[in-house]
Structures are given as C-alpha cells and as structure tokens.
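Residue numbers (my numbering), protein chains in the order written: chain A, 1 to 244; chain B, 245 to 429; chain C, 430 to 614.
These are calculated hints, taken from the structure and not from any lab test. Even for Gly, the Cβ is constructed at its ideal location relative to N, Cα and C. Treat the hints with care, as some may be off.
To be verified - Chain A regions said to be covered by chain B (calculated; three or more residues, Cβ under 8 Å):
(1) 91–100
(2) 133–143
As the list claims (entries may be wrong) - Under the rule of at most 25 Å between Cα atoms (straight-line distance), these lysine to any residue pairs were calculated in the SDA-like manner:
(3) K476/C / S290/B
(4) K264/B / L508/C
(5) K299/B / R538/C
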Amino acid sequence: MESQTYHVKTEVFEGPLDLLLNLIERRKLHVSDISLSQVADDFIRYIESHSDFPLSKAAHFILVASTLVLLKSKSLLPTLELSLSEEESIEELEARLALFKQFRNMGEVLRVEFGKNRLYFREQKLDEAPVFSPSDNLSLSGLSSSLDSLITSLPKEEKLPEKVVQKVVSLEAMVERLTSRINNELSASFKDFSGLGKEEKINVVVSFLAVLELVKQGILAVEQQAQFGDIHMEQKEVNTPAYE
Amino acid sequence: MNNNVKLEALLFWKGEPVAKKELLRLLSFSKEELGEALVVLRETLSKRGTTLLEKGDEVSLVTAPECSTLIEELRKEELSKDLGRAGGETLAIILYKGPVTRAELDYIRGVNSAFILRNLLIRGLIERISNPNDQRSYLYRPTSELYAHLGITKKEELPEFKRFISELESFTKHQEEKDQEYASS
Amino acid sequence: MNNNVKLEALLFWKGEPVAKKELLRLLSFSKEELGEALVVLRETLSKRGTTLLEKGDEVSLVTAPECSTLIEELRKEELSKDLGRAGGETLAIILYKGPVTRAELDYIRGVNSAFILRNLLIRGLIERISNPNDQRSYLYRPTSELYAHLGITKKEELPEFKRFISELESFTKHQEEKDQEYASS
Numbered sequence: 001m002e003s004q005t006y007h008v009k010t011e012v013f014e015g016p017l018d019l020l021l022n023l024i025e026r027r028k029l030h031v032s033d034i035s036l037s038q039v040a041d042d043f044i045r046y047i048e049s050h051s052d053f054p055l056s057k058a059a060h061f062i063l064v065a066s067t068l069v070l071l072k073s074k075s076l077l078p079t080l081e082l083s084l085s086e087e088e089s090i091e092e093l094e095a096r097l098a099l100f101k102q103f104r105n106m107g108e109v110l111r112v113e114f115g116k117n118r119l120y121f122r123e124q125k126l127d128e129a130p131v132f133s134p135s136d137n138l139s140l141s142g143l144s145s146s147l148d149s150l151i152t153s154l155p156k157e158e159k160l161p162e163k164v165v166q167k168v169v170s171l172e173a174m175v176e177r178l179t180s181r182i183n184n185e186l187s188a189s190f191k192d193f194s195g196l197g198k199e200e201k202i203n204v205v206v207s208f209l210a211v212l213e214l215v216k217q218g219i220l221a222v223e224q225q226a227q228f229g230d231i232h233m234e235q236k237e238v239n240t241p242a243y244e
Numbered sequence: 245m246n247n248n249v250k251l252e253a254l255l256f257w258k259g260e261p262v263a264k265k266e267l268l269r270l271l272s273f274s275k276e277e278l279g280e281a282l283v284v285l286r287e288t289l290s291k292r293g294t295t296l297l298e299k300g301d302e303v304s305l306v307t308a309p310e311c312s313t314l315i316e317e318l319r320k321e322e323l324s325k326d327l328g329r330a331g332g333e334t335l336a337i338i339l340y341k342g343p344v345t346r347a348e349l350d351y352i353r354g355v356n357s358a359f360i361l362r363n364l365l366i367r368g369l370i371e372r373i374s375n376p377n378d379q380r381s382y383l384y385r386p387t388s389e390l391y392a393h394l395g396i397t398k399k400e401e402l403p404e405f406k407r408f409i410s411e412l413e414s415f416t417k418h419q420e421e422k423d424q425e426y427a428s429s
Numbered sequence: 430m431n432n433n434v435k436l437e438a439l440l441f442w443k444g445e446p447v448a449k450k451e452l453l454r455l456l457s458f459s460k461e462e463l464g465e466a467l468v469v470l471r472e473t474l475s476k477r478g479t480t481l482l483e484k485g486d487e488v489s490l491v492t493a494p495e496c497s498t499l500i501e502e503l504r505k506e507e508l509s510k511d512l513g514r515a516g517g518e519t520l521a522i523i524l525y526k527g528p529v530t531r532a533e534l535d536y537i538r539g540v541n542s543a544f545i546l547r548n549l550l551i552r553g554l555i556e557r558i559s560n561p562n563d564q565r566s567y568l569y570r571p572t573s574e575l576y577a578h579l580g581i582t583k584k585e586e587l588p589e590f591k592r593f594i595s596e597l598e599s600f601t602k603h604q605e606e607k608d609q610e611y612a613s614s
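One chain only, chain A, in its complex shape:
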C-alpha cells in the first residue's frame, strides 16, 4: 500500500481524469460515486505533492478535487445536503470518467495497430519531367504577403483560462490559513473563514477541503447544528498542530 502511494506520487499524469482513472483502476474498482470518494485522499495527496504544477494545469486538478471533496463530505458529514448543481457536478464527473476510460482504452488499441500493417501512397509522381508552370498570379509581393499572414497566425503563447485560475487558492495555502486562524480563535465559523457568499465557489470548496483534511488529522472538531447551517469549528488540542 505504502509503495503504491509513493508510485502514484512520482508518476506523471497528463490530467486529472487520467490520474483519477489510474487511482481507481489501481484499487481494482469500477467507476462509481463510491470508488471516487475512496480515492479522494490519494488524489489530493497527489496535488499536494505537485505544488509546482503550472497554474493552468493545477486549476484543472483542483476543480476535479473540489468535486471529490463534495463526494467525500457526504460520507464524513451525513447531515450535509448537496444542492442539485452539486449532485450534477458529481454525476458529470462520473460520466466524464466513464467516457474517458473508453477512449483511453481504445487509444491503447490504436497505439498497437499504428504502423503495424501500413499502406503506402505513391512516394512521388515524377513520371514526367517537371514543366515550369507558375500560376498567373505568382509574384514576389503575393508570396511575401503569404508568408506575412503565416507569421501572423503562428501559435502564440496561449492565455491561461484566467477565470478559472484567478481565484483558485492552493490547497496548502488554504490549510495554513485555516490552521493559523484556529490557533488564534480556537473556534471559528466555517462561514466566516471561507467567505461563503462573498468568495468564489471554488474557494469555498477548497476551504471545505482543508477543513476535512484537518478533521481527518484530528486537529479540528466540526459541528453543524442545522442543515445548510453554519459549520462550527473548534481546535481539539490547544498545542500547536504539527501539520506536515
């Protein structure tokens, strides 16, 4: 088990679906909401160990992480009711994963077939001697403007999907923020901390993720008095938590 975790950490994954599928298959599970919540921790651990991701890549991973947290939160906090859109995002992730799995497997089939039994076009068609035949409009200015427009259309540095990336806080940063806040106040409200209603949804989700992480590590105790009510947080021990 330990060696498996280490292996996942060092392997390179192209994207979150790739990683997720790998984690699920490694445990010999089928794609389902249950298997997804089971691999949530592994997934988050992977992001944590790759804090040097380029921002655009990290955003893709963190967005998927947020959905996994929703799933996991249901098992940790049974009182939590998921909204319709949250339910949908879970369903969607499941569906995407199942579809991705199909194409990934077919991709492996294609890799095996590729070049194995190749058919060939004619190498060249110089069966008659070339005849100098410029088109009527062939001119220096025409050619240089062809090149000019080619140069203009060369791929430029791609802009990051700013909307996605802008507000996404790293998981580690969020956990640190939460830890210090708890230290100061000993008890705090999730609503205040996460800026629910004020912050971007993704930040709230990342906050929630951080809370769960701390609960799991026994640093925090959480209490929710009513459905959709605020979550009350309290530090279990007064001594400074030794997170990582």
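Given chain A, put chains B and C in place with the hints provided.
Same frame as chain A, now just chains B and C:
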C-alpha cells in the same frame, strides 16, 4: 472504356487522396456512376498489389495490406513513431467520434489538447477544417494518411468498430436520459 | 503472395522507373522469377487503368494508354490551377528559408506538407536535393526558373527578408522550448 478503369487511372496518377466531389467533376460521372465504379474497382483490386482507400468523402489508391512488410523493409525512412498515450486517446476520439472541436477534446480528456493536436497535424494524421456551426472554431478529423498508417481501407475496418460505436451510442443515450431526469426534477 | 503482386506494389510505391537489376535486389527474385512476374503482371494489367512500361532495362507502372486524354487534361489542370493558400505559404517558406527539410516546413506550417510539395515539384517551382546531413531526408529549394520569374538573383533581395527570417527563427526557438516543456511534463 469502363468507368472503373478511368477511375483507377486518375487515382493512380494523382497519387494522393481525391475528394469524391472532385472525382465527379474531373470524370464527369453521375453520383451513381461513381458509386458503382468504386464498388467495381475495390472488387477488381482485391487480389492486386494496390487497394482502394475510402475515408469519408475522399478516395485514394494505396499499396495492398499484404504488401506492407515488403515496402516497410525497402523504405529508408525511420519507422512510424509511437503515438504515445496522449496521441492514442486523442486519435481514438477523433476517429470514432469525429469531427470534433478542440473544446470537446479538452472536455473528454480533461486537459488542454493544443500540443497534441499540433503534433498530430504536423504528422499529417489529422486535419483541421472550419466548423460549419461556428466560424470561430475548427473541427478535427482523420486523414487518409491515418487510415493508411492503421492499415485500414474504410471506416468499418477500424479496430473493434461495431462494438465500440455501439458502446458509445448506448453511453450517449444513457447520458441523455439522465439529463432529462434532471431537467424534469 | 504472388510475385507479380509484390512487383506491382513495389512499382506503384516507387512511382518512378526502376532498373531490373535493382528489382532483383529489392525483391530477392531470381532472373527467371522476375521475367515471369513481368509477363504475368503485363497480362493482368491488360484491361486496367495502369500498365507496365519497359524501357530498355527499366520498368515502371504508368497510366494505361487508353486513358491518355484524361491524364493530359488532369495534368494541364494541375499545372495551371491556383497555388492556393497552402501552396503559396509553402513556396514562400522555401524561398526565404530554403534549402529546408520537409520536417522544418511542417513544423513552421503546423500541418503536413507532403502532397503540396509534390505539386510544387511537378510545376518546376522547387526542386529536391539530397540532404548532406541526413541520408533519409531531402532538402527543398527554389528552382532557378522561379528566381528568374520573380526577377531576383539571391534571397536577400526578397521583400522584408531580414524581418521574416528573424520572426521565423524566434518562432522556431520559442516553439521548441514549449514542446520540450510539454514533453517533460
């Protein structure tokens, strides 16, 4: 002279994929005549050194599958490079689901596909056409060259074609049902 | 597989006359086997769109004489048609940066240039020379007829020569860095 003979001569001389629309014009065939000539030519070539490759609305003449090993040994150029994992899955999407937009590819793969698309375009395995539904985006589809690399002469010969297509269809149907469930709840 | 099928595939693929001595070597046939295969192939092709041409010691596959009118029309059209965007930009890159390899062209254009190059070659606008650095690839450069037609004697006389060259170089450098980043991520 038979139509299929003319068709063969034309495809041989061109040595590259020719659009069916172009064939109709160059040969002054009706659609029916072309369809028939293609059937006859495919049959005529069945035991020859060349074979007919049909990809969507494009047709070309290539060496017969039985001769692959012979030519491979004679070629000076290096062997076809491995597609890699990203290449394989991207081609799978384009071959079985294509033509697709980049947004669809990114969504299915969960990552930015710009680099792998550029790589496949340069290798001549896929091509970019303008999207009739959206002028600002492009559609990606397989080339005849890709069929040739996979050793297939028509779409139906794609690996596990029937099984995979029906799996995709039932998946899409299932998804649509779920979506309707949500819409009505 | 019959010897005449192998022979047909080889001649089709080569697309140019091949010496009989060369055929013996490439196909590992005995003289008798080759002689027999040639007879059978000639007979097999008698009612087809292609035919076997033996000229002195050389053999090639060409379009059937019955189709000569059709082929003449095709040739005229191919030599006179507009170069198109793809043809124009490919020719421009060869003018400014030539001699270049096909890989360099593909890399700059972001698409495969194989078929475009063939058209430019038969139109006598460019020519292919062997690459001193790599036996498996060729270099493409403008023909002297093209220079004369455009009224230049060296490439430095091309409009905005310095700017274009430096832009192309900075693109290649930048893109290579990105590709490496991608490959290692």
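Hint by hint, here is what the structure shows:
1. Under a criterion of three residues with beta carbons nearer than 8 Å to beta carbons of chain B, the stated coverage of the region 91–100 of chain A is upheld, 6 such residues being counted.
2. Under a criterion of three residues with beta carbons nearer than 8 Å to beta carbons of chain B, the stated coverage of the region 133–143 of chain A fails, only 0 such residues being counted.
3. Distance check on the hinted pair: K476/C and S290/B sit about 15 Å apart at the alpha-carbon level, within 25 Å; holds.
4. The suggested pairing of K264/B with L508/C holds, with an alpha-carbon distance near 21 Å, which does not exceed 25 Å.
5. The straight-line distance between the Cα atoms of K299/B and R538/C is roughly 24 Å, inside the 25 Å bound, and the hint therefore holds.
When the structure is compared with the earlier hints, a violation turns up for hint 2 alone.
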